[in-house]
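The whole structure should be built from the sequences, with the hints applied where relevant.
2 protein chains.
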Amino acid sequence: MARQIEYDRQKVQQSLTDLFWQKGFAETSLAELEAASGLNRRQLYNGIGDKHAMFVAALDTFTEQAGRQFLAALESKDAGLGDIEALLRLFALAASTDSPPRGCLVCTASQEEIAGDGAVSGRIDAYFSRIRAAYRNALQRATDRGELKLDAAAADLRTDALFGVHVALCVLGRAGRPGDELNRMVDQALKDLRA
Amino acid sequence: MARQIEYDRQKVQQSLTDLFWQKGFAETSLAELEAASGLNRRQLYNGIGDKHAMFVAALDTFTEQAGRQFLAALESKDAGLGDIEALLRLFALAASTDSPPRGCLVCTASQEEIAGDGAVSGRIDAYFSRIRAAYRNALQRATDRGELKLDAAAADLRTDALFGVHVALCVLGRAGRPGDELNRMVDQALKDLRA
DNA sequence: GCCGTTATGTAACCTAAGTTACAAAACGGT
DNA sequence: ACCGTTTTGTAACTTAGGTTACATAACGGC
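From first to last, the protein sequence lines are chains Z and E.
Taking this note's numbering, the leading residue of the first sequence gets 156, the next gets one more, and so forth.
Taking this note's numbering, the leading residue of the second sequence gets 156, the next gets one more, and so forth.
Hint data in this document are derived by calculation from the structure and do not stem from the laboratory.
Misleading hints may appear alongside valid ones.
Any copy, or any two copies together, can satisfy a pair, since identical chains are not distinguished.
[Said to hold, decoys possible] Distance condition first, Cα-Cα at most 30 Å in a straight line; then the derived DSBU-like pairs of lysine-lysine: (1) Lys232 / Lys304; (2) Lys166 / Lys178; (3) Lys346 / Lys232; (4) Lys206 / Lys166; (5) Lys178 / Lys206; (6) Lys346 / Lys304.
Structure representation (structure tokens):
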């Protein structure tokens, strides 16, 4: 064997992810990644890879965590209207409480040039598709339980509408739009859903 | 007086705006701005200013054009449901026909670090507010004409919901999401509006 | 036709970016 | 205790970034 690594891999991954989340890919420098992680660039290159590899790893970390914290409830067999409302409200709230609000790493990355890269675009697509599937599942479960009355076609439409609201909240939250504006989007989305 | 300028100011502005629209602020270099405009950097600095000033000018050019091409119909006294539908459909279509789709310069800029700059953030806020006001006007006119039945509070909610769809279409269009997904968002938004 | 003023072209500047060489140090198996 | 392997630290390298000096050229008013 060989020499053992001196730092905490998870903590390093977390700090790198947070920095990319805040600043995006292109506007984050190696020097900042060093400072955030506490490692020097030799350690980063050895342990993870170049900047591109670090970003891909950050995308994986982010989607794993966001999936667990935000989407898991919608993906559950017990999912329902309440989970949809809770998630959208949470996003509207986060925009007001986080300073500065960071929105969603994947949404931000999708607007950058790096989104053209294969490894990155695959992860972006997969995450977006997962979000859609999560809402789709929640709508299905809510229908099964009698909270809603939706046939398959109606549920498809609703799914994309909710996906759109989800993305709009992430983007406009990061853009600094006021919390009540975001909450009105949620109000209307829920109203329409129950109509 | 002094020596006269040799290039077409408007064409230069347009090419700079298009490039920033495609690549964003941080990922556009002076060399690319030179190539796109056909000017050398001395002319750019003399005629417009530094990169920051070029970007601010691009924001102004973009918002002026987008306002004229897309928002003017919604801002008119004759605005109505048909104008809302036409605009949303156009955005969904543009995502499929433009290659690569560019979305909206302002939405993209709002996710970059430069959005923290005063001159930039002011323009972003102003443009977003203008979009909202445009939808608000169209909803009001549609109500006045009897196409819809909305009181003031309901119109406020609808306004932000449509604003959200608008932004989602821009962002997800640029992200390369499929056209039918975007069109389902529009379908649902219009359905809810007429309900 | 001179002169201040402004535009142009070349080229340099200075900093920062991402990446990599090289030597030294720490580890485990034998 | 040696040895191959991998980590670490320092520091350099190479390129590209945005910005600016300087000399030259074109213009209009007097």
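Hints, verified against the model:
| no. | hint | verdict |
| --- | --- | --- |
| 1 | Lys232 / Lys304 | within (17 Å within a copy, 38 Å between copies) |
| 2 | Lys166 / Lys178 | within (18 Å within a copy, 33 Å between copies) |
| 3 | Lys346 / Lys232 | both (23 Å within a copy, 29 Å between copies) |
| 4 | Lys206 / Lys166 | within (18 Å within a copy, 37 Å between copies) |
| 5 | Lys178 / Lys206 | both (14 Å within a copy, 19 Å between copies) |
| 6 | Lys346 / Lys304 | both (14 Å within a copy, 16 Å between copies) |
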